[in-house]
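Peer 1: Read off the chains here:
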Amino acid sequence: MGGFQFSHGKMYGIVAHTMITKEEVQHIAKLARIQLSREQVEKFQKELSQVLDYFTILQEVDVLSVEPLTHSIEVKNVLREDEPRKADPEVVQKLLGMAPEQKDGFLKVKSVF
Amino acid sequence: MDSLFGVSIKQIHEKLEQREISALELAQLFLSHIQEREKDLHAFITIMPELAFQQAKEIDKKVKEGQSLPLLAGIPCAIKDSILVKGARCTAGSHMLEDYVAPYNATVVQRLREQGVLLMGKTNTDEFSMGSSTENSAFGPTRNPHDLSRVAGGSSGGSAASVAADEVVVALGGDTGGSIRLPASFCGIVGLKPTYGAVSRYGLIALASSLDQIGPLAKTVEDCEILFNALKGRDPFDSTSVDFPSNLQSRNCDPQDLRIGVPREYFKEGLMPQVEQVIKNAIAKFEAAGAKVEEITLPHAPYALAVYYIINSSEASANLARYDGMRYGTAGTKHQMPNVSLLDIYLERRGEGFGPEVKRRIVFGAYALSAGYYDAYYTKAQKIRTLLKQDFEQAFQKVDVIVGPVSPVLPFKIGEKIENPLSMYLVDMYTVPVNLAGIPGLSIPAGNVQNLPVGLQLIAPAFSEHLLFQVGKMFEKIS
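Which chain is which? The protein sequence lines are A and B, in order.
Counting from 1, one number per residue, gives the positions in the first sequence under the numbering used here.
Counting from 1, one number per residue, gives the positions in the second sequence under the numbering used here.
Hints in this document: simulated from the structure, not taken from any laboratory.
Here the structure is a predicted model, which is why all the values come from computation and not from measurement.
Treat each hint with caution, since some may be false.
Unchecked claim - Below, computed lysine to aspartate or glutamate pairings styled on EDC-like, alpha-carbon distance capped at 20 Å: (1) K43(A) / E352(B); (2) K110(A) / E352(B); (3) K94(A) / E98(B); (4) K30(A) / E352(B); (5) K280(B) / E295(B); (6) K43(A) / E416(B); (7) K10(B) / E476(B); (8) K86(B) / E90(A); (9) K22(A) / E60(A); (10) K103(A) / E352(B); (11) K110(A) / E416(B); (12) K22(A) / E295(B); (13) K110(A) / E476(B); (14) K389(B) / E47(A); (15) K108(A) / E25(B).
Using the sequences and the hints, build the whole thing.
Peer 2: Below is the structure:
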């Protein structure tokens, strides 16, 4: 993302300051592995800019000495012995059967390289 | 037999035990009503008559043998189509999972099956639960039973409409930012978003894992409580689920012992005046019954919606990475061609399998999580989430429950907001703070504006669902 610059608006609700570029939308969509048509890129550019503009209200909040909340309730690690368990072959077959392409009990995918 | 529509769980239970009706008759009665109402509503994506009949026969056998029945046995129930029922199609409202058949039961479904609940079908939802109206469902919207030109709310709109229209007695939904409470409000029924961790998420198709909870929808607070009690509790398959304190039961309480907080921030810009009037009338009823009502403040509530959409989109973009077109879905057209790369296949299958709102959130989430923006968006959102949680904790030092509107607007027309994502997001402004803080929220019918229902939201501290049920039942009596 290093090459992309982004400038926040000063106030929400007066003028749409925040603008995301078409190239940015295309770049992020590719990172997220989603194909967008040309019309969709234009639509998303407008919609995401509008949403980002709304988010500038968060700049009003001082969070200098605040810890981020990662769990809304108290949680502890839940551990168990790392023992292999036999899966129900019927379930395995069903799970595999859901994939568009399979071969010899494996999912078939294009080579990565 | 028509008189069975709108009756409570306990009444049906009694009729079954007294052999006034058989479970098979119940299943037939409700299935034929579903057939009739679905012409208008489209609350269901899949109807499961075989499963319902099979379960009904098992119950009738028990009755014949003189065995006692669990309270929920024979109760017709709908399940949101983001929750797995073994052997049934589970689409999450997406073309991506159009042909996906669940290989196992969600823990909540397992628990209901053990009680003998009749699972009648899978209900419509916005695609991957992303939306507030079910208009984002790949299979078309659900209509509001009170006005067919309007939305039922979302994302659990099919579940809410099916209960409101007496297609079933109760239903399960999922609530990430209001997806149970909003449709409950729009359809004039009761819906609970439980405390985070109170109900197992195993077998729920994930949207945003730090916010998602499964919960019950019903016609009355009592029925909602009965269903919740069957769902709650720790599950080894969901390590964020916890033991629910069993000593906390709802009981009759005197309104004079009740302290109600009304958050100032919930009555500002954006709240429709007619909705405000219904909510204020409801609060006045509590006051007239003797409850102490005081204004409170949740200073960070106005930031909750922005915080919510950053966290929701970020977690969604990670959770939905699994839909890579290799494990689920159709083969597409490119896979047979030579010189087609893995990247091309990802782009094609995800580009075609997902609808516009899902793409929007995945792209936005990927943006918010990307290098250079992570701290400005995700970390900042998590920090404000801490402040919001503290707001609620401080408020609950002064009051027992917080009361306000569920939605700032009345059920809107189909098509009214779908072209403007931000206007759709704003519908959730009063529900998302509850998910961010991990606390429970209950939507109960507060009144109507003409024929359109308005929901009252009750909010309590974590694991205080019993208080919500207590106060909800109190309101049913005094209203």
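Peer 1: Hints first: check each against the structure and report whether it holds.
Peer 2: To see whether the hints hold, each was checked on the structure:
For the suggested pair K43(A) and E352(B), the alpha carbons sit about 17 Å apart, so the restraint of at most 20 Å is met. Between K110(A) and E352(B), the direct Cα distance comes to roughly 18 Å. Compliance with the 20 Å bound is thereby established for this hinted pair. Between K94(A) and E98(B), the direct Cα distance comes to roughly 15 Å. Compliance with the 20 Å bound is thereby established for this hinted pair. Pair hint K30(A) plus E352(B) holds up; C-alpha atoms about 14 Å apart against a cutoff of 20 Å.
For the suggested pair K280(B) and E295(B), the alpha carbons sit about 12 Å apart, so the restraint of at most 20 Å is met. Distance hint between K43(A) and E416(B) is fulfilled; the C-alpha atoms sit about 18 Å from each other, no more than 20 Å. Between K10(B) and E476(B) the alpha-carbon distance is near 17 Å, which keeps this suggested pair within the 20 Å criterion. Simply put, K86(B) and E90(A) have alpha-carbon atoms about 13 Å apart, close enough for the 20 Å limit, and the pair holds.
A C-alpha spacing of about 28 Å is found between K22(A) and E60(A), which places the hinted pair above 20 Å, so the restraint is violated. Only pairs whose Cα atoms come within 20 Å are accepted, and K103(A) paired with E352(B) is rejected, the gap being roughly 24 Å. Restraint check: the Cα-Cα separation between K110(A) and E416(B) comes to about 43 Å, which exceeds 20 Å; the hinted pair is violated. For the hint linking K22(A) to E295(B), the alpha-carbon distance of about 46 Å lies beyond 20 Å, and the restraint is violated.
For the hint pairing K110(A) with E476(B), the CA-to-CA distance comes to about 60 Å; that exceeds 20 Å, so the pair is violated. Only pairs whose Cα atoms come within 20 Å are accepted, and K389(B) paired with E47(A) is rejected, the gap being roughly 30 Å. At roughly 47 Å between alpha-carbon atoms, K108(A) and E25(B) are farther apart than 20 Å, so this suggested pair is violated.
Against the hints set out earlier in the document, violations occur for numbers 9, 10, 11, 12, 13, 14 and 15.
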